[in-house]
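> Start from the sequences and build out the full structure, keeping to the hints where you can.
Just so we're aligned, residue 68 is where the sequence shown starts under my numbering, counting upward by one.
Hints are computed from structural coordinates only; laboratory data are not their basis.
Do not take every clue at face value.
Claimed, not checked - Simulated pairs of lysine-lysine, DSSO-like, Cα-Cα distance not exceeding 27 Å:
(1) 165 with 105
(2) 236 with 299
(3) 81 with 150
(4) 267 with 299
(5) 231 with 303
(6) 208 with 110
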Amino acid sequence: MATLEDSDAKLFYKINNELIYFANSRFKLINNFPRPEKGTWEKEDIQKIVERIYSEPKIIVSFCSENPAMLNKEEIEVAKSWKVFVKGKFLVFSNNSKTIFFSSEKEPKAYEVHGLYDEILDIVPFEPIMIEAIIISFKGKITYTGSFRLYNMSFGGGYKRGLKLDFEKSKLKFGIISSLDNLIEEKKQSDEETLRFYLKNKQNRDEYWSEINELLINNPSLKNIYNNEIGKSYVKQIKAIFSDISVKNGWFAIVNSQIVASGKTKDEVIERLKDVLPDDKISSAYIFEYNGDEK
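Right under this line is the structure:
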């Protein structure tokens, strides 16, 4: 579920509305601004006040210390957490049922952001879409301040491919960030994890070809992983060839681009690999099953 629970969304608006009212009383941005329960607010007025709050976040400290709305301890803790926020332009899109706010400004980072009452992707007209927003903490999750600006921009195939690459790169480095409560640190990646990322798809292999070669030179033990992953990338092509020449069902082992063993069962292929490859090279083989006309 890519939204907060209804009870949490209700709590968010309670605290946020009190903060907005308090901030306007200090900054005096909007005249005749009513208390939240005594009138309706214009969207433009809300955005103006919210932008000022996060331009001068000390107002959040004042709000929490003075507590004019007589919030309880839990509510004050939520408000305090808003001192940590990320403000800027984000590309919004879905990834494995998560709503991602991806920032490519400075160092690319991907945030999992929860909607309030409504799914964010139900609010925006299409994805990916560029927005300007402020994301904040809420009980260990990330949400947004209740509104954002849309940019009516369309993205071509080349841009989307670049976006995908940058997104994958940020995931490798930081993961998908799901909380602002802790310091965001770069993940420590092993050479094996890094190589598998570089080999993940053709776009990555083309982009990181020099890095792949450098890894293999510096760490020759990675060659088995390299040959296994390259073999995996050839499977679709090989299955198409098998279909064209009516190859029968079976199991096959491929090293890099070469089929090195086959059999009726996976166990049979594993045994045959022991006959054709040294023990320390068996893991370089990628084993797959072919079923008749499969492509």
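> Given the hint that residue 165 pairs with residue 105, test it: the Cα-Cα distance must not exceed 27 Å.
36 Å, violated
> Does residue 267 pair with residue 299 here, judged by a C-alpha cut-off of 27 Å?
10 Å, holds
> Given the hint that residue 236 pairs with residue 299, test it: the Cα-Cα distance must not exceed 27 Å.
Holds. Residue 236 to residue 299 sits at ~21 Å (cutoff 27 Å).
> Does residue 81 pair with residue 150 here, judged by a C-alpha cut-off of 27 Å?
At roughly 17 Å apart (the allowed maximum being 27 Å), residue 150 and residue 81 satisfy the hint.
> Take a quick look at whether residue 208 and residue 110 sit within 27 Å of each other, Cα to Cα.
25 Å, holds
> Between the alpha carbons of residue 231 and residue 303, is the straight-line distance 27 Å or under?
22 Å, holds
Violated hint for the displayed structure: number 1, the only one.
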